[in-house]
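Engineer: Here's the letter readout for the chains.
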Amino acid sequence: MAATPGSAKKRIPLTQQARAYFLRHAQTMVGALGRLSGQPVANVMTVAVIGIALALPIGLHLLVENGRELSGNWESVVDVSVYLHEVADAARIETIAGELLDWPEVSAVRIIYAEEALGEFAELSGFGQALDALENNPLPDTLVVTPADNFTDAETLAGLGEALAAIPEAEMVQVDTDWVKRFNAILQLIRRTVGLTAFLLALAVTLIVGNTIRLDIENRRGEIEVTKLVGGSDAFVRRPFLYGGLWYGLGGGIVALVLTELSLLLLRGPVARLAGLYGSGFELRGLGPGGIAVLIVGSGLLGWAGSWVATSRHLRDIEPT
Amino acid sequence: MIRFQNVYKRYASGRDALSNLSLHITPGEMVFLTGHSGAGKSTLLKLIAMIERPTRGQMIIRGQNVTRIRRKKVPHYRRSIGMVFQDHKLLFDRSIYDNVALPLVIAGLPDREIGKRVRAALDQVALLGREKRSPIELSSGEQQRIGIARAVVSKPPVLIADEPTGNLDPELSLEIMRLFKRFNAVGVTVVIASHDLGLVEQMGHRVIRLSGGQLAGAERPDGSNAR
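Sequence order for the protein chains is A and B. Residue numbers for the first sequence follow the numbering used here, beginning at 1 and rising by one. Residue numbers for the second sequence follow the numbering used here, beginning at 1 and rising by one.
Derived by calculation from the structure, the hints in this document are not laboratory data. Treat each hint with caution, since some may be false.
Straight-line distance between alpha carbons at most 20 Å, and here's what the computed DMTMM-like set of lysine to aspartate or glutamate pairs gives [claimed, not checked]:
| no. | chain 1 | residue 1 | chain 2 | residue 2 |
| --- | --- | --- | --- | --- |
| 1 | B | K89 | A | E261 |
| 2 | B | K46 | A | E319 |
| 3 | B | K73 | A | E65 |
| 4 | B | K72 | A | E225 |
| 5 | B | K181 | B | D169 |
| 6 | B | K73 | A | D234 |
| 7 | B | K181 | B | D123 |
| 8 | B | K46 | A | E225 |
| 9 | B | K181 | B | D196 |
Just so we're clear, the structure is a prediction, and the values are computed from it rather than from any experiment.
Throw the hints in and build the complete structure from the sequences for me.
Structural biologist: Right, dumping it as structure tokens:
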């Protein structure tokens, strides 16, 4: 007979106890996954719902980030167009262009003569024949002024515009920064919307996980009672459910990642074609390693949090009778 | 070991399960609780197991006043009490090994140590070699032996059993009781609630008779304490 009364923990070194503790956590973690695989259909559906809920804000986020990058490209290449009076002849125009190059704010000046502009327009617009019907060229000679790199902010551009307008031969100066500002404002709005959506959907994910775990707790009532009877602490009883929630979250995160990457794959071709038509080398950006890490860790934490809420509310109620 | 001082237990329904009960069970003693159903046997065991709390009175168990023990401390307290139930309370979705190992897993023992102790406990209830099977494959008597193995695997100083032979035929019942006696022989304090008076008398230990939640009498047959 070996059943001498005494504490079960005596004589076991601390290091071994610590190892046993971590091993037990790992076992519980794997065990929770194994339990989920026991009901594949229901759990795949749960994970898919979580994944779709997460993919939505991520997709919007990528849209905003790509849009911001796009507008950033545009902002840096913004040009100032100076439309000239008809009276200016070619020699005079070149002189003006030469003078402008001496300005510190100006890095390049390109001359587009009226005839060139008309030819280009006819070619690109497909209105060639209609334009032939015009008696004279409606387009002015134009100077396209590219600001120096450190003079591209909106205020400096406005100043440059005024200075250019002061040239006697200039009829009209167009500083096209307004639409960039508007575009950025729209992006700002979308970003705020994305934030709100992300918050609501994160809440939805915790609720989904919480409810799933609540049902799981209900199904395992007997097991919980027995565990408490033989001395299982609240933390011990709770642990497999927390790991279950973690798995739901992680699974949802992976589904969201796959959905996002698939969508990017489908969109990449058309976007590249569109960008090509605008003469841009713009490419859709994905989440990148940092973003993927945030997604996976974040989704895991959401699942864990959902389970934490459910276990806090329901495990206490189950006591042996 | 177990001391009740003027303990009352009134359930939320208003029923008085125990009233003014005082008793003392000494370390290493084996005691039977008898009485009609509703006499308070189960309630007494539930109080020892901290499944229920006394309404009034004091409970001193293993020198500790547990009357107002905090909820958080209950799990640790329960690890010092082995419990056997009439309906075994086994987990049928786990192997016999996992059922018996549960208290040790909770206590945080290393796997190797758990393996040794589980096999030792199963050996004591003559079920060694069936660790991998499910409890559902076994007979009721064998299931009860798994329940006992789980109750003793962490070597608790106190073992309580509520009608452990309630569903068993006389022969199996005797076998189970002998098992308890063997644990008592190595120093475990054993408290068994049973309505099987014939069997109880046959065992020759102190009998605490309850009636209407009160002590109806205690007897100690000759030689019982010496086993």
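Engineer: Broken hints, numbered, in rising order?
Structural biologist: Hints 1 and 3 contradicted; others consistent.
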